[in-house]
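> Listed below are the residues making up each chain.
Number of protein chains: 2
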Amino acid sequence: MAPRNGSESRSVGAVKPQTMRFDQPLAFKSGATLPAYDLVYETYGKLNAARSNAVLVCHALNAAHHVAGYYADQPDNVGWWDNMIGPGKPLDTERFFVVGVNNLGGCFGSTGPKSVNPASGKPWGSAFPVVTVEDWVNAQARLADRLGIQSFAAVMGGSLGAMQALQWTMSYPDRIRNSIVVAAAPKLSAQNIAFNEVARQAITTDPDFHGGDYYGHGVVPRRGLRLARMIGHITYLSDDAMMEKFGRALRSDQIGFHFDVDFEIESYLRHQGDKFSEYFDANTYLLITRALDYFDPAAAHGDDLSKALAAAKARLLVVSFTSDWRFAPPRSREIVKALLDNRLDVSYAEIDAPHGHDAFLLEDARYHALVRAWFDGIHAKL
Amino acid sequence: MAPRNGSESRSVGAVKPQTMRFDQPLAFKSGATLPAYDLVYETYGKLNAARSNAVLVCHALNAAHHVAGYYADQPDNVGWWDNMIGPGKPLDTERFFVVGVNNLGGCFGSTGPKSVNPASGKPWGSAFPVVTVEDWVNAQARLADRLGIQSFAAVMGGSLGAMQALQWTMSYPDRIRNSIVVAAAPKLSAQNIAFNEVARQAITTDPDFHGGDYYGHGVVPRRGLRLARMIGHITYLSDDAMMEKFGRALRSDQIGFHFDVDFEIESYLRHQGDKFSEYFDANTYLLITRALDYFDPAAAHGDDLSKALAAAKARLLVVSFTSDWRFAPPRSREIVKALLDNRLDVSYAEIDAPHGHDAFLLEDARYHALVRAWFDGIHAKL
Chain A
0 MAPRNGSESR SVGAVKPQTM RFDQPLAFKS GATLPAYDLV YETYGKLNAA
50 RSNAVLVCHA LNAAHHVAGY YADQPDNVGW WDNMIGPGKP LDTERFFVVG
100 VNNLGGCFGS TGPKSVNPAS GKPWGSAFPV VTVEDWVNAQ ARLADRLGIQ
150 SFAAVMGGSL GAMQALQWTM SYPDRIRNSI VVAAAPKLSA QNIAFNEVAR
200 QAITTDPDFH GGDYYGHGVV PRRGLRLARM IGHITYLSDD AMMEKFGRAL
250 RSDQIGFHFD VDFEIESYLR HQGDKFSEYF DANTYLLITR ALDYFDPAAA
300 HGDDLSKALA AAKARLLVVS FTSDWRFAPP RSREIVKALL DNRLDVSYAE
350 IDAPHGHDAF LLEDARYHAL VRAWFDGIHA KL
Chain B
0 MAPRNGSESR SVGAVKPQTM RFDQPLAFKS GATLPAYDLV YETYGKLNAA
50 RSNAVLVCHA LNAAHHVAGY YADQPDNVGW WDNMIGPGKP LDTERFFVVG
100 VNNLGGCFGS TGPKSVNPAS GKPWGSAFPV VTVEDWVNAQ ARLADRLGIQ
150 SFAAVMGGSL GAMQALQWTM SYPDRIRNSI VVAAAPKLSA QNIAFNEVAR
200 QAITTDPDFH GGDYYGHGVV PRRGLRLARM IGHITYLSDD AMMEKFGRAL
250 RSDQIGFHFD VDFEIESYLR HQGDKFSEYF DANTYLLITR ALDYFDPAAA
300 HGDDLSKALA AAKARLLVVS FTSDWRFAPP RSREIVKALL DNRLDVSYAE
350 IDAPHGHDAF LLEDARYHAL VRAWFDGIHA KL
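For the record, the sequence lines run as chains A and B. 42 is the number that numbering that gives the first Met the number 0 gives to position 43 of the first sequence; each next residue is one higher, with no gaps. 290 is the number that numbering that gives the first Met the number 0 gives to position 291 of the second sequence; each next residue is one higher, with no gaps.
Just chain A, with the same shape it has in the complex:
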């Protein structure tokens, strides 16, 4: 194995999304059926002759299939996990064939609420079925079928993406050899649900929401979506990281005695909310937060996560971050405990990082070294 280090790592370069059309209906956990759908995806690296080196990377709330590289006509549009994935990077595209896919219900090209419902000729809107992590994983498995991938070398994700990586070990134990579960929880806490609920209420009570069928009204519930993003953003950062980055710094030299922006943190949150509300679909936000709320593999097994994972066979790497208060380390330890109960091959790392939940997206040397070593091990067995 050739020596590798950070200085040799580089971007996968210009990439192109592709679209796969599925005409066979997909039954959702809710009982609803999606008659046909598109999945938008990207791939990096090459599938080897044995078709054994494929890695699926699952996205969380506001990301999608554009995981690494950039678009030729949008050089600044860099994939959301570009620091992790590329030639010489921890998930090395010179060794692995990496697949990123926009999940169903999304708003970046895969079939979702703003797609046209063939039954009505109008956007799905409120009629788009509520989708679950299990449904996403089923759709991802169909994409794998079409790509000729019988078994993934690994499925990897952070946050909601990690829930998909975990669900893979339960839904398709024979089609996943390794699972990398970063910054996850086995189910949301009441507080987690509470934050999602406030975000959803911000959207659904926006007068421009029109019951989810705003597309026909020429408006979007931008105010609600903006608030939802602001709330979410607070939960992604640790109190300490926010204090370190913004503190009580003012935008001008003194407080203004008004309700406009005084503090840098206010300006930052408004900016994040404004940006997000320009490109994200509100119905997708509702669907994705609901998928988070509903994820609870233990529920069907008498609240016993160990039983839920009884069929799992994959090797697992579970990673948490000390300052993550959204899905704090004890939540990852619940997963580890259930995996150990099943005598599965599991490694667990609690990374001492100050950035909160968002740490899973950041380039922390120890975290990246760990993932790199893990993939080295997978590669050695290919």
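Please keep in mind that the hints were generated in silico from the structure rather than gathered at the bench. Glycine residues also receive a C-beta, built at the ideal position from the N, C-alpha and C atoms. Misleading hints may appear alongside valid ones.
[As the list claims (entries may be wrong)] Simulated restraints on C-beta separations: (1) B:V115 x A:G120: 47 to 57 angstroms; (2) A:A31 x B:K15: 51 to 61 angstroms; (3) B:V218 x A:T321: 42 to 52 angstroms; (4) A:H378 x B:P206: 55 to 65 angstroms; (5) B:D212 x A:Q23: 54 to 64 angstroms; (6) B:G210 x A:P172: 29 to 39 angstroms; (7) A:A31 x B:A13: 53 to 63 angstroms.
[Unchecked claim] So these bits of chain B aren't anywhere near chain A, every CB distance computed over 12 angstroms: (8) Q17; (9) R20; (10) A35; (11) R174; (12) T234; (13) E265; (14) E277; (15) L339.
[Claimed, not checked] Straight-line Cα separation of at most 30 angstroms, DSBU-like style, residue types lysine-lysine; simulated pairs: (16) A:K186 x B:K244; (17) A:K244 x B:K306; (18) B:K244 x A:K306; (19) B:K244 x B:K274; (20) A:K28 x A:K113; (21) B:K45 x B:K336; (22) B:K244 x A:K28; (23) A:K244 x B:K28; (24) A:K244 x B:K336; (25) A:K336 x B:K28; (26) B:K312 x B:K336; (27) A:K121 x A:K274; (28) B:K274 x A:K244.
Since the structure of chain A is provided, determine the placement of chain B on it from the hints.
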């Protein structure tokens, strides 16, 4: 001293709010001046002949002057700190003369945004000056003047109320002998400000806000106020307490695959938001959250809290709660450190309580015993 125990404690009974009119202008920290104003207040117990047994109780965000007892025509309308204050209770109204006052900018009778601005003959609305903790304390001191109280035996409060109790030691060191500072912070963190900002944005972007002058439009920004309350409520409870109280319990026997209420926590938050938006004034919410943001006594002293407290003379009791993540124990310890730097007589207790920030309002045996003992000590010196 007669023995007392919980079984002997009782309500102060039926109480009546009173209104004090002030015709002398009050200058605010912002530079604005309130030409005249009313303060609504309640008192319990009797001011002794030496006028030495008065205790001022300061309210936090959504409370007011109705601290203990009930109203004869509204027997269910019990004061917000009734478990703490009454005959035989930790703050014993058989020994102390207790004063509760609705702060300026409030919406429960004291002059605030919904009061009529004499200059225009219309509600103040957006023209009501931004008010600070210092301004509130100045107004409280004027009320004390009118009540013939030269010096308070104690000023007491939790959360924002505690900030007022602390400000008293700095603004009027010769008029306060004891300060009880519960669940406080010496200034808000970036995360604290962030939550306030999202709440304010929910209100000010509600189409019914009309720039703060909604009174003339026959509407109130109820949607925004409801969201603000929901957000706030999450921060008052600990993750553990929420999990204990609500968990992932469902309202019906199964999830509904919709965005209506599935989980008990959703129902609870919506109910809290609905209730609050029925009675609270949105402009008051803006003012009070801004007073929280702006409270930072160290700022005028080179960010040195010890210097800010250099003039303080009071004895202090500082109390924090282990599960309070809004104003966590380390925030109280910052205050204690600054008090000790000034060689002040300070006691600090960190109460192991699961309820989060709201613990300051709840009847925890150790917490109440501590406050009771503290007031016993004050009484012994009267």
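> Now tell me, hint by hint, if it's right for this structure.
Do the hints match the structure? See the list:
1. B:V115 x A:G120: 47 to 57 angstroms: holds (56 angstroms)
2. A:A31 x B:K15: 51 to 61 angstroms: holds (59 angstroms)
3. B:V218 x A:T321: 42 to 52 angstroms: Given range 42 to 52 angstroms: holds, Cβ gap about 47 angstroms.
4. A:H378 x B:P206: 55 to 65 angstroms: 56 angstroms Cβ-Cβ, so the 55 to 65 angstroms window holds.
5. B:D212 x A:Q23: 54 to 64 angstroms: Taking Cβ atoms as reference, D212 of chain B and Q23 of chain A lie about 58 angstroms apart, which means the hint holds.
6. B:G210 x A:P172: 29 to 39 angstroms: Violated - the Cβ-Cβ distance for G210 of chain B and P172 of chain A, about 59 angstroms, lies outside 29 to 39 angstroms.
7. A:A31 x B:A13: 53 to 63 angstroms: Given about 58 angstroms between the Cβ atoms, the range holds.
8. Q17: Its Cβ never comes within 12 angstroms of chain A, the nearest being 30 angstroms, so this holds.
9. R20: Holds, since 26 angstroms exceeds 12 angstroms.
10. A35: holds (21 angstroms)
11. R174: The claim stands: R174 of chain B keeps its Cβ more than 12 angstroms from every Cβ of chain A (closest is about 26 angstroms).
12. T234: The assertion about T234 of chain B is violated, with a minimum of 10 angstroms to chain A.
13. E265: violated (5 angstroms)
14. E277: Nearest chain A Cβ is 15 angstroms from E277 of chain B, so the label holds.
15. L339: L339 of chain B clear of chain A: closest Cβ-Cβ about 23 angstroms, beyond 12 angstroms.
16. A:K186 x B:K244: holds (17 angstroms)
17. A:K244 x B:K306: Measuring from Cα to Cα gives roughly 26 angstroms; hence the hint holds.
18. B:K244 x A:K306: holds (26 angstroms)
19. B:K244 x B:K274: holds (20 angstroms)
20. A:K28 x A:K113: Cα-Cα ~21 angstroms, so holds.
21. B:K45 x B:K336: violated (36 angstroms)
22. B:K244 x A:K28: holds (28 angstroms)
23. A:K244 x B:K28: Roughly 28 angstroms between the alpha carbons, so the hint for K244 of chain A and K28 of chain B holds.
24. A:K244 x B:K336: holds (25 angstroms)
25. A:K336 x B:K28: Since the Cα atoms of K336 of chain A and K28 of chain B sit roughly 56 angstroms apart, the hinted pair is violated (cutoff 30 angstroms).
26. B:K312 x B:K336: holds (15 angstroms)
27. A:K121 x A:K274: holds (27 angstroms)
28. B:K274 x A:K244: violated (36 angstroms)
Going through the hint list in order, the structure does not satisfy hints 6, 12, 13, 21, 25, 28.
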